[in-house]
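Student: For the sequence shown, full-length UniProt numbering assigns the number 1 to the initial residue and increments by one for each residue that follows.
Keep in mind that the hints were calculated from the coordinates and are not lab data. Careful: at least some of the hints might be erroneous.
Said to hold, decoys possible - Just the calculated beta-carbon pair ranges, DEER-fashion:
1) A36 with I14: 12 to 20 Å
2) S80 with A133: 56 to 64 Å
3) A133 with D67: 39 to 47 Å
Quantities reported herein were computed from a predicted structural model and do not represent experimental measurements. Even for Gly, the Cβ is constructed at its ideal location relative to N, Cα and C.
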Amino acid sequence: MSTIMRTLRNLRSIGLKEYGHQMQYMGDTKRGTLIAMDKYGNKYFENVEEDLPLRTRWVDYKDHEFDPSQIEPGWHAWMSYMVDKPPSQDRIMQRQERIWEPTAHVPNMTASKSSFRTYNTTKNKYQAWLPEAAPRR
Numbered sequence: 001m002s003t004i005m006r007t008l009r010n011l012r013s014i015g016l017k018e019y020g021h022q023m024q025y026m027g028d029t030k031r032g033t034l035i036a037m038d039k040y041g042n043k044y045f046e047n048v049e050e051d052l053p054l055r056t057r058w059v060d061y062k063d064h065e066f067d068p069s070q071i072e073p074g075w076h077a078w079m080s081y082m083v084d085k086p087p088s089q090d091r092i093m094q095r096q097e098r099i100w101e102p103t104a105h106v107p108n109m110t111a112s113k114s115s116f117r118t119y120n121t122t123k124n125k126y127q128a129w130l131p132e133a134a135p136r137r
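Work out the full structure: start from the sequences and follow the hints.
Tutor: Next comes the structure, spelled out in structure tokens:
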């Protein structure tokens with residue numbers, strides 16, 4: 001939650017359209033410099049003038065149905081302050097396309113109907129109880 005002065009300052013610097021976008025998808029207003037864009041289309045920002053610690057870096061997801069697994073590992077390290085340089089500026093983190101890497105994002109299916117289930121050959125110890133009502137006499 002931001003203060004009224006910070007919100008008005010951000011509104012003046014980022015504009016009304018970006019203000020509406022941030023309030024709808026992040027619930028807060030932020031302003032900063034665009035660091036880079038990854039191969040999925042996510043935009044990464046940084047504001048070093050922010051007073052609050054650990055709120056200086058953020059991502060604007062391309063998809064509105066965002067999932068944190070859409071962040072690449074190098075960008076995740078930068079977002080969580082493990083490294084100081086973003087992958088776009090660090091020579092070690094810059095990598096070429098590898099043939100085994102997926103070209104499109106594969107979403108995390110945990111806790112959904114499409115999640116992985118192991119094959120099981122054992123019988124259940126318990127069965128669901130189905131109530132049977134006897135007809136009246």
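Student: Are A133 and D67 spaced within 39 to 47 Å by their CB atoms?
Tutor: With Cβ atoms ~46 Å apart, the hint holds.
Student: Tell me if the beta carbons of S80 and A133 are separated by a distance inside 56 to 64 Å.
Tutor: Because 58 Å falls inside the window, the suggested range holds.
Student: Measuring from beta carbon to beta carbon, are A36 and I14 in 12 to 20 Å?
Tutor: For I14 against A36, whose Cβ atoms are near 19 Å apart, the range 12 to 20 Å holds.
Checked against the numbered hints given earlier, the structure satisfies every one of them.
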